[in-house]
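Sequences are here, hints too, so could you generate the full structure?
Protein chains: 2
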Amino acid sequence: MKTRIEVEPELIEKLEDIIGNEWVVTDKEVMLDYVADETAPTVCPEPAAAVVLVKPDTSQEISNILKLANQWKTFVFPRGGGTGLVGGSVPTENGIILSLERMNRVIELDRQNLMIVVEAGVTLEKLMEAADEANLLFPLHPGDEAAQVGGLVACNAGGVRAVRYGVMRNYVKGIDVVLPTGEILSLGGKTLKNVAGYDLMHLIVGSQGTLGVITKVILRLYPRFKETATLIIPYESRHKALETIPNVLREGITPLAIEYMERGLMEESAKKLGKEWPVKRGKASLMIIATGNSKEEVYLEADRIDKIAEQYDAIDTLVVENRRKQNDILSIRSNIYLTLKPYIMDVLDVAVPPANMEKLMDELDEIAARYGMYLPMVGHAGDGNLHPHVLMKKAGGAKEEDLEKVKREIYSATLSLGGTITAEHGIGKIRTKSLNDFLDKKTIGIMKKIKRVFDPNNILNPGTIIS
Amino acid sequence: MKTRIEVEPELIEKLEDIIGNEWVVTDKEVMLDYVADETAPTVCPEPAAAVVLVKPDTSQEISNILKLANQWKTFVFPRGGGTGLVGGSVPTENGIILSLERMNRVIELDRQNLMIVVEAGVTLEKLMEAADEANLLFPLHPGDEAAQVGGLVACNAGGVRAVRYGVMRNYVKGIDVVLPTGEILSLGGKTLKNVAGYDLMHLIVGSQGTLGVITKVILRLYPRFKETATLIIPYESRHKALETIPNVLREGITPLAIEYMERGLMEESAKKLGKEWPVKRGKASLMIIATGNSKEEVYLEADRIDKIAEQYDAIDTLVVENRRKQNDILSIRSNIYLTLKPYIMDVLDVAVPPANMEKLMDELDEIAARYGMYLPMVGHAGDGNLHPHVLMKKAGGAKEEDLEKVKREIYSATLSLGGTITAEHGIGKIRTKSLNDFLDKKTIGIMKKIKRVFDPNNILNPGTIIS
Numbered sequence: 001m002k003t004r005i006e007v008e009p010e011l012i013e014k015l016e017d018i019i020g021n022e023w024v025v026t027d028k029e030v031m032l033d034y035v036a037d038e039t040a041p042t043v044c045p046e047p048a049a050a051v052v053l054v055k056p057d058t059s060q061e062i063s064n065i066l067k068l069a070n071q072w073k074t075f076v077f078p079r080g081g082g083t084g085l086v087g088g089s090v091p092t093e094n095g096i097i098l099s100l101e102r103m104n105r106v107i108e109l110d111r112q113n114l115m116i117v118v119e120a121g122v123t124l125e126k127l128m129e130a131a132d133e134a135n136l137l138f139p140l141h142p143g144d145e146a147a148q149v150g151g152l153v154a155c156n157a158g159g160v161r162a163v164r165y166g167v168m169r170n171y172v173k174g175i176d177v178v179l180p181t182g183e184i185l186s187l188g189g190k191t192l193k194n195v196a197g198y199d200l201m202h203l204i205v206g207s208q209g210t211l212g213v214i215t216k217v218i219l220r221l222y223p224r225f226k227e228t229a230t231l232i233i234p235y236e237s238r239h240k241a242l243e244t245i246p247n248v249l250r251e252g253i254t255p256l257a258i259e260y261m262e263r264g265l266m267e268e269s270a271k272k273l274g275k276e277w278p279v280k281r282g283k284a285s286l287m288i289i290a291t292g293n294s295k296e297e298v299y300l301e302a303d304r305i306d307k308i309a310e311q312y313d314a315i316d317t318l319v320v321e322n323r324r325k326q327n328d329i330l331s332i333r334s335n336i337y338l339t340l341k342p343y344i345m346d347v348l349d350v351a352v353p354p355a356n357m358e359k360l361m362d363e364l365d366e367i368a369a370r371y372g373m374y375l376p377m378v379g380h381a382g383d384g385n386l387h388p389h390v391l392m393k394k395a396g397g398a399k400e401e402d403l404e405k406v407k408r409e410i411y412s413a414t415l416s417l418g419g420t421i422t423a424e425h426g427i428g429k430i431r432t433k434s435l436n437d438f439l440d441k442k443t444i445g446i447m448k449k450i451k452r453v454f455d456p457n458n459i460l461n462p463g464t465i466i467s
Numbered sequence: 001m002k003t004r005i006e007v008e009p010e011l012i013e014k015l016e017d018i019i020g021n022e023w024v025v026t027d028k029e030v031m032l033d034y035v036a037d038e039t040a041p042t043v044c045p046e047p048a049a050a051v052v053l054v055k056p057d058t059s060q061e062i063s064n065i066l067k068l069a070n071q072w073k074t075f076v077f078p079r080g081g082g083t084g085l086v087g088g089s090v091p092t093e094n095g096i097i098l099s100l101e102r103m104n105r106v107i108e109l110d111r112q113n114l115m116i117v118v119e120a121g122v123t124l125e126k127l128m129e130a131a132d133e134a135n136l137l138f139p140l141h142p143g144d145e146a147a148q149v150g151g152l153v154a155c156n157a158g159g160v161r162a163v164r165y166g167v168m169r170n171y172v173k174g175i176d177v178v179l180p181t182g183e184i185l186s187l188g189g190k191t192l193k194n195v196a197g198y199d200l201m202h203l204i205v206g207s208q209g210t211l212g213v214i215t216k217v218i219l220r221l222y223p224r225f226k227e228t229a230t231l232i233i234p235y236e237s238r239h240k241a242l243e244t245i246p247n248v249l250r251e252g253i254t255p256l257a258i259e260y261m262e263r264g265l266m267e268e269s270a271k272k273l274g275k276e277w278p279v280k281r282g283k284a285s286l287m288i289i290a291t292g293n294s295k296e297e298v299y300l301e302a303d304r305i306d307k308i309a310e311q312y313d314a315i316d317t318l319v320v321e322n323r324r325k326q327n328d329i330l331s332i333r334s335n336i337y338l339t340l341k342p343y344i345m346d347v348l349d350v351a352v353p354p355a356n357m358e359k360l361m362d363e364l365d366e367i368a369a370r371y372g373m374y375l376p377m378v379g380h381a382g383d384g385n386l387h388p389h390v391l392m393k394k395a396g397g398a399k400e401e402d403l404e405k406v407k408r409e410i411y412s413a414t415l416s417l418g419g420t421i422t423a424e425h426g427i428g429k430i431r432t433k434s435l436n437d438f439l440d441k442k443t444i445g446i447m448k449k450i451k452r453v454f455d456p457n458n459i460l461n462p463g464t465i466i467s
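First to last, the protein sequences are chains A and B.
For what it's worth, my numbering labels the leading residue of the first sequence as 1, then goes sequentially.
For what it's worth, my numbering labels the leading residue of the second sequence as 1, then goes sequentially.
Don't take every hint at face value.
Given that identical chains are not distinguished, each listed pair holds provided it fits within a single copy or across any two copies.
Claimed, not checked - Calculated lysine-lysine pairs in the DSS-like style (CA-CA distance at most 30 Å, straight line):
#, residue 1, residue 2
1, K295, K226
2, K449, K433
3, K448, K73
4, K14, K441
5, K442, K14
Keep in mind the hints are simulated off the structure, nothing from the lab.
This is the structure in C-alpha cells:
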C-alpha cells in the first residue's frame, strides 16, 4: 500500500481548530489502543505509523473534519468499539482515526413508537440497559457488549439471536450519516415503511465505514419476553443434532438461539472459568433457548423441542430454568473465544443455507484431516453460520504457511454449498482478496463504482471491502 | 418529455431475432392492456405512441434485449402484474415494454430451508398457493393478488400484514437481476446472513425497475398459523381507537393486521357487494386479526386485545371466528378501493411514526375542511400508513385544480410529523416532483449518481423515481 501523506503539523492545527486541542491526540501511547481491533494478530494488518486521533462530538464536527480530509486527500478511519474481527477499523494508511466514543448519548427513548434514538458511540451494553429501563427489549445480541451502535450498523452485525430476530438491518429505521465529502444526510426515520426513492440507508448498513460515517441511529425496540429456559441437548451423532433443527423450525417454534457446540471445547472453556460444563454425555450438543411470557409458556416450548429432539436420538436433554445457571452456560459458551484466542490464526465466518450445515461440517472435517489439524467449529446452527477457528500449529492447528490454502478450501466448500464467505463479521481489510476471488467481477465492479459515488477521492476507510 | 426514437422496423426485427416472432407484439389492441396500470386516470401519465411489447422467457433473452436497447439507446419499461398505483410501469416514452408474464415458474420449494425460488412473473396468488401446498406460509399480503413477485420486490411492497411481518425486503434472500447494460447478477442466496460487500440486493429492492430487471427471487417462507379471529372494535372517538394500538403492541401482542376504518365507508362498500357490514355502532373502528396455532390461543389473544380496547372506551367488540364470515369482512375491506375507484383522483400513501397517526388524521381533517371536501381515510393503523383517497368533486371531493395543492398540504403535514410521502406504493412516475420537493437535494443527488452507475444511458424505466 502506498502512503499518500504524512500527518503534517498544519493538518493537526486545522483539526484542533475544528474540535479543540484536547480532542486531537498524537500521543503514541494512547494511540496503541486505537490502531488495532479484535482481529487475530496473525492476520491483523499492520497499522500505519503517522496517524492522528480525533474525538469529535457532533455530526457537524465530523462533517468539517471530512471536508478538510477530502480537500487534503487525507485518509480517515472511522472507529467504534474496536471489537471487529476483520481489521475493518485498523488504520492501514497514514491519516486520521475518527473515534465516535464521545458521541455516546441516548437521545430519546420513544415508548409510544417502540423506538430508541442513539448516537453512534453508544455501546451495545448501554443500548440494552436503556431499553431495559423502559421495560423494552433490543432483540439482538451481536457478541461483545463493548461494540458501538454505529459499528454494529456499519457491519450489519448478527449474533446468537439471529435465528429468531435476524440482523441489525431489521432494526435500523433511520440513520444520520456524514459523507466523505462532508454532506450530512438523514435517511429513513421513525416510519415503519418508506419507499421514497432508492434506499440509501440499506446501502450504508453493512458498508463498514467506507461510504460514510454513521453518527445517529433510530432503532426499533420490542416488548420483552419475561422468561427463558436454556436446553442443552446432547447427541452421539452430529448429523442427528443438525437434522433436529429444521424440524423444530418447521413446527413454528423459533427459539431465541440454536447453537451447535462440541463437548470437548465446552469443557475446556468451562475449566478456564473455574466452572463445570453440566452435560457429561454426547460428542455434539445443541444449545437452544426457549422463551415466553410465563414459566408455563417456556415449559411448553421446551417440552415441544425436547420431543422433537428425542425423535433424532438425542440423549437426555438438560433444561435449565434457574437464571444464574443459564447465565453460567452462556458465559461458558462466550468464553470459547477467549479460551482459544491465544492460539487463533483466524476466525472464519462462513454461512450456508441452514439445511446444508451438515454437509459443510463434513467438508470441514475432510479439510481438517487433509491438513492434519484440529478445527474447532462453533456455530449459529439455526441460521447456517459457522465459525471455524483456524488455530496455530502449537495448538494442534494448521501450519502458518498453510493458512491461506486452508481458508481457500473452506471458502470453496462453502460456496459450492450455496454459501457466503462472511455472514456477520464482514470483509474488513483482511478478506478483500477472498471477496475478489469468490465474488463475480461484475458485482465487484458495481461496488467499486458505488464507492466512487460516495467517496470520489477514496479517503474513507481505504482497503476495506474494496481492495 | 422528449421522444428519442421511434420503434423502427429494424429494431423489431432484431427483437424477433432474440425471442422469436410470436413474442414480439405491436398490435395496438393488445397493447392497450400494457400501457396503463391501476393508477387513477386523473393522475396516470399518458403512454407513448410508438411502443413494442416483448415477452422474453429467460434472463439471457432479457440480457440480449437490454444490450440491444442500450446500444440503440431505446427506452425499456419492465412490467409485472400492472397493479401499481403510481404509474411505475407506464411506458411514457417510445420504446420497449418488457413483460415478465412468461417467466412464471415456481422453480423450487425448499422445505428444508423454508424458502421458495420463483421467477419474477409468478403472481402473488400463485406464490401463496405454492407455499400453502407445502403447508408453509408466505407471510405478506400486499393487496392485489395479480401482482407479480418481481414487481413486489421492485416496489418493496407492504400491505395489511406489515404490522407483524414487515415488508418485502424482509423476505427477499436472493435475486437475479439483469442490468440495463446486459450483465446478469446473482445477488444473495439461500443464506440467512450475508455481509460480503455492499448489499446491492437491498438497493435493487424498492428501485422500481430503474436499476435492473429482476428475473428470479428467493423468498423466505414461514410455518403457517392455523387459526385466526377477526375483531371489529367500534369506538365513538377516533382518538380512543388510535390510542388503543400502541398499548396492544407494547403488551407484546402483534396481530396479523391492525386496520383503521370509518363505518360509513365500510357500509357503502358492503352495500356494493350485496353484503352487510356487521357493526352498527361507532364512527371509527379498528379491525384487528388475531392468530394462533389453536382456537384457544386465538381466543386468548382476542380476549387480551378486547380488555385493552375496553380501557379506551371501545363499544362492544365483535369477534368473528367463522372463516366464511372473516372472509366477508376482509372482502368488504378490500372492496373500498373498488367502491371509490370511479371517483378517485389520487390515492395517497403517506406514513408517519405510528404514534403520530392521530395528529396526522387531525391535520387531514383540517385540510379537508379547508377545501370543503370529503377525504376518506383508510389506513394500516398499526404501522402508521394512511391512504387518503382524494376524490373527484362529484363525489364530494376536491376540485381538480386543487388536487396539487391538497397533495402538497397533505405531504407537508406528513413530513412535519416525521413522515414520508410514500410508505408502500412508491414514487413511480407520478410522485417524482413531490420527491424532489420533499426530499433533500443531497440525497437526491446521490440517487441520481447511483442510477447512472447501473444505467449509464438512462434506458431503463425513465421518469420513475429519478425525474
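Structure-based check of each hint:
| no. | hint | in the structure |
| --- | --- | --- |
| 1 | K295 <-> K226 | both (9 Å within a copy, 24 Å between copies) |
| 2 | K449 <-> K433 | both (18 Å within a copy, 27 Å between copies) |
| 3 | K448 <-> K73 | both (18 Å within a copy, 25 Å between copies) |
| 4 | K14 <-> K441 | between (40 Å within a copy, 29 Å between copies) |
| 5 | K442 <-> K14 | between (41 Å within a copy, 26 Å between copies) |
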